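J.: Sequence:
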Amino acid sequence: MKPGIGEIGVKIEKLIMSEEEPGYFQPGVTKTEGGVYICTEAAGEEVSLAVYEQEQGPDGEEKEKRRVFPFPKGSRMGRMRCMKLLGEDFSGLTYAVLSDGKEMPDTFGRSFTGHGTWGELSHVDTPLRSRFELESFDWEGDRPLQIPYEDMILYRIHTRGLTMRAGSKGADGKEEEAENGAEPGTFRAIAEKIPYFKELGITSLELMPPNEFEEVMLPDGADGNPYGVDRPTGKLNYWGYTPGMLFAPKESYASGACGEKNPVREFKELVKELHQNGLELVIELYFTGKESAAVISEAVRFWVREYHVDGVHLVGIAGCPALRDDPWLSETKLFAAFWEEETPGRRHLAEYNDGFLIDMRRLLKGDEDQMNSLIFRNRRNPKGYGVINYMANTNGFTLMDAVTYEMKHNEQNGENNQDGSSWNYTWNCGVEGPSRKKKVAAMRRKQIRNALLMLFLSQGTPLLLSGDEFGFSKGGNNNSYCQDNETSWLDWGLLKTNRDIFEFTKQVIAFRKKHPVFHMAQEPKVMDYLACGHPDVSYHGVKAWCPEFENFRRQLGIMYCGEYAKKADNTPDDYFFTAYNMHWEPHEFALPKLPKGMKWHLAFNTDDRERNGIYEEGEEPCLEQQKQFLVPARTIVVFIGLKERAEENRGEKRGKKEKQPADKEKKRAKKDQEKKAKEKDGKKKSEKKASAKGPEQSGE
1 MKPGIGEIGV KIEKLIMSEE EPGYFQPGVT KTEGGVYICT EAAGEEVSLA
51 VYEQEQGPDG EEKEKRRVFP FPKGSRMGRM RCMKLLGEDF SGLTYAVLSD
101 GKEMPDTFGR SFTGHGTWGE LSHVDTPLRS RFELESFDWE GDRPLQIPYE
151 DMILYRIHTR GLTMRAGSKG ADGKEEEAEN GAEPGTFRAI AEKIPYFKEL
201 GITSLELMPP NEFEEVMLPD GADGNPYGVD RPTGKLNYWG YTPGMLFAPK
251 ESYASGACGE KNPVREFKEL VKELHQNGLE LVIELYFTGK ESAAVISEAV
301 RFWVREYHVD GVHLVGIAGC PALRDDPWLS ETKLFAAFWE EETPGRRHLA
351 EYNDGFLIDM RRLLKGDEDQ MNSLIFRNRR NPKGYGVINY MANTNGFTLM
401 DAVTYEMKHN EQNGENNQDG SSWNYTWNCG VEGPSRKKKV AAMRRKQIRN
451 ALLMLFLSQG TPLLLSGDEF GFSKGGNNNS YCQDNETSWL DWGLLKTNRD
501 IFEFTKQVIA FRKKHPVFHM AQEPKVMDYL ACGHPDVSYH GVKAWCPEFE
551 NFRRQLGIMY CGEYAKKADN TPDDYFFTAY NMHWEPHEFA LPKLPKGMKW
601 HLAFNTDDRE RNGIYEEGEE PCLEQQKQFL VPARTIVVFI GLKERAEENR
651 GEKRGKKEKQ PADKEKKRAK KDQEKKAKEK DGKKKSEKKA SAKGPEQSGE
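Taken in order, the sequence shown gives residues 1 to 700; the numbers are from our numbering.
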């Protein structure tokens, strides 16, 4: 309990610095018998620990008392300082580090106070101090889920962006008030979306930086020190890609509904609840590139050990060899832009960059010379590491904007539209920005369906940017780093408006999860190594077994043999043929022949607006013409090879029997017509002869 009014400093006065040499222990605060160990980094010559106790005085004003404990001289090892502080009650106390008289936050602090309200400009002048975080937590046997890369469906979210907008609580886009509903924009609010994640088919979340960082932006050149003289720019760093405290969850992301904010407990509760529902959590951590490999390793280990996260996405740095070879992290998912080498054993590394996005967007818009890129990106699934594929990400256009805009529209950022990439690789379907033209709207939806099939039918791990499943737009802003407003907050009302996009996304995800041939554990070899008569994957042009790679080609067929992938019940998967026609003209594809007793049926056709491109399982129509299919312009069609159904066989036999008499009737009718025509011609000829003789010759 906190000291009562008039008892300010009661706890702090009871603290005693131990004389015993503390030795080495992990950075930050560690609970020990009779008190705590504190280990921190400081470069100054005179380094002390400042401990604070704060409470309201009799006059209602905030009062604060400070005690300073110099670090023992024998506790220094390099820049690390250690101390053992004895005391019975550390609740309500905070601390900071004094380095040559200058107060600094503990870079290894586990929990901070002072910045509990998001976006407060006063943060610039408010000291950031650490709590003595000693609260235990019952994980109830929780462990990371370790879902293989080939089985993951990633969904990228931002803590505030996911739930800040009205309507975020209702899966149908309508606000559903609850007595104990979480505050929007908090870790607890993320947990409330678990039913939605499961309905969509998500297996893993990627969370943008959840650690403590300063969102109030200072002018260029300011070092970000809260005690500096530089004034705020008025902008907020919404994304969190800025130097921060790598060992503490962000205080302003915690809910205050139950009293004092407790980001540590709330984040642990989030991870635990996600795991109980079969969902992984991969967090982003931003590094400036100035951190040592030891600090990077310690930070990643800490989040895995303390918060049970399933993985960490390293942002700002390339793959770190120290992490790659760290035995403590050998089963933890690690994402980076690239890794220099593979790691033997379990495949826990993953490449995460824009390569798939660039190539597949160029294919989507109909650029030439993209067939080799399609094959490479569709098949890529390296043995030594995973590959994260996406069609849209935070630092770029959303999927809806990728079919609505060709140019960035970042004027709202206040940088004269000079920020953000000018290379978007997009086609606006004929009109820049929103359009009421039905043809334009229809084409945009079709292109979204095409993009989703490109993503979820590729072998790598698919990542879906939150909001893309219901057509969320940022108005063409491809660099919304400072937009903590409705530009970035998901509009859940679109879930009702664009229900067709949501349903298509959900169906494609379910389709991928059901058919392992689209997410095999190893990269397809394009060989018939099972001697079953078909390669695992094969490529085709408009003629079967004849792929065409000239630069002007914009169409390709990919056939998948289900014998190379086992379903959940250990039976072989089905045969599939995917026809990609990104040309603005239709093309007829010759369909490869299936094994005896099987026929091609339609699974998806992005040109079919009436069915939203989907043919439900068990209702896939059998093609009347099994040898070829005319694929409309800018369309992807997915065929599934199924065994001949009894009703289809009966229908065919009945059709043949019915056709025979009909053919006879047609032939008989044709002969009658020919006979009548001859008789008519003979009559006309005799009339001509009679008229040629004249009246006298005719006997008149």
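Since the hints were made in silico from the structure, they are not lab data.
Note that the structure is predicted; figures quoted are calculated from it, not measured.
Be aware that a few hints might be false.
Stated by the list, open to error - Okay, derived cross-link-like pairs now, DSSO-like style, lysine-lysine, Cα gap no bigger than 30 Å in a straight line:
#	residue 1	residue 2
1	Lys-383	Lys-439
2	Lys-506	Lys-383
3	Lys-566	Lys-365
4	Lys-496	Lys-567
Claimed, not checked - Cβ pair distances, simulated, as ranges:
#	residue 1	residue 2	range
5	Lys-290	Gly-433	49 to 55 Å
6	Glu-135	Pro-572	50 to 56 Å
7	Thr-30	Gly-74	15 to 21 Å
8	Lys-513	Lys-627	52 to 58 Å
9	Glu-135	Lys-514	30 to 36 Å
10	Leu-630	Trp-423	33 to 39 Å
11	Glu-588	Gly-430	23 to 29 Å
12	Leu-145	Ser-435	41 to 47 Å
13	Phe-552	Lys-290	45 to 51 Å
14	Phe-552	Asp-528	37 to 43 Å
15	Glu-135	Glu-610	56 to 62 Å
All C-beta atoms in this analysis are idealised placements derived from N, C-alpha and C, irrespective of residue type, glycine included.
J.: So, for every hint listed, does it hold in this structure?
T.: Hint check:
no.: 1; hint: Lys-383 - Lys-439; verdict: violated (44 Å)
no.: 2; hint: Lys-506 - Lys-383; verdict: holds (28 Å)
no.: 3; hint: Lys-566 - Lys-365; verdict: violated (34 Å)
no.: 4; hint: Lys-496 - Lys-567; verdict: violated (33 Å)
no.: 5; hint: Lys-290 - Gly-433: 49 to 55 Å; verdict: violated (41 Å)
no.: 6; hint: Glu-135 - Pro-572: 50 to 56 Å; verdict: holds (52 Å)
no.: 7; hint: Thr-30 - Gly-74: 15 to 21 Å; verdict: holds (19 Å)
no.: 8; hint: Lys-513 - Lys-627: 52 to 58 Å; verdict: violated (31 Å)
no.: 9; hint: Glu-135 - Lys-514: 30 to 36 Å; verdict: violated (43 Å)
no.: 10; hint: Leu-630 - Trp-423: 33 to 39 Å; verdict: holds (35 Å)
no.: 11; hint: Glu-588 - Gly-430: 23 to 29 Å; verdict: holds (26 Å)
no.: 12; hint: Leu-145 - Ser-435: 41 to 47 Å; verdict: holds (43 Å)
no.: 13; hint: Phe-552 - Lys-290: 45 to 51 Å; verdict: holds (49 Å)
no.: 14; hint: Phe-552 - Asp-528: 37 to 43 Å; verdict: violated (31 Å)
no.: 15; hint: Glu-135 - Glu-610: 56 to 62 Å; verdict: holds (57 Å)
Checked against the numbered hints above, the structure breaks hints 1, 3, 4, 5, 8, 9, 14 and satisfies the rest.
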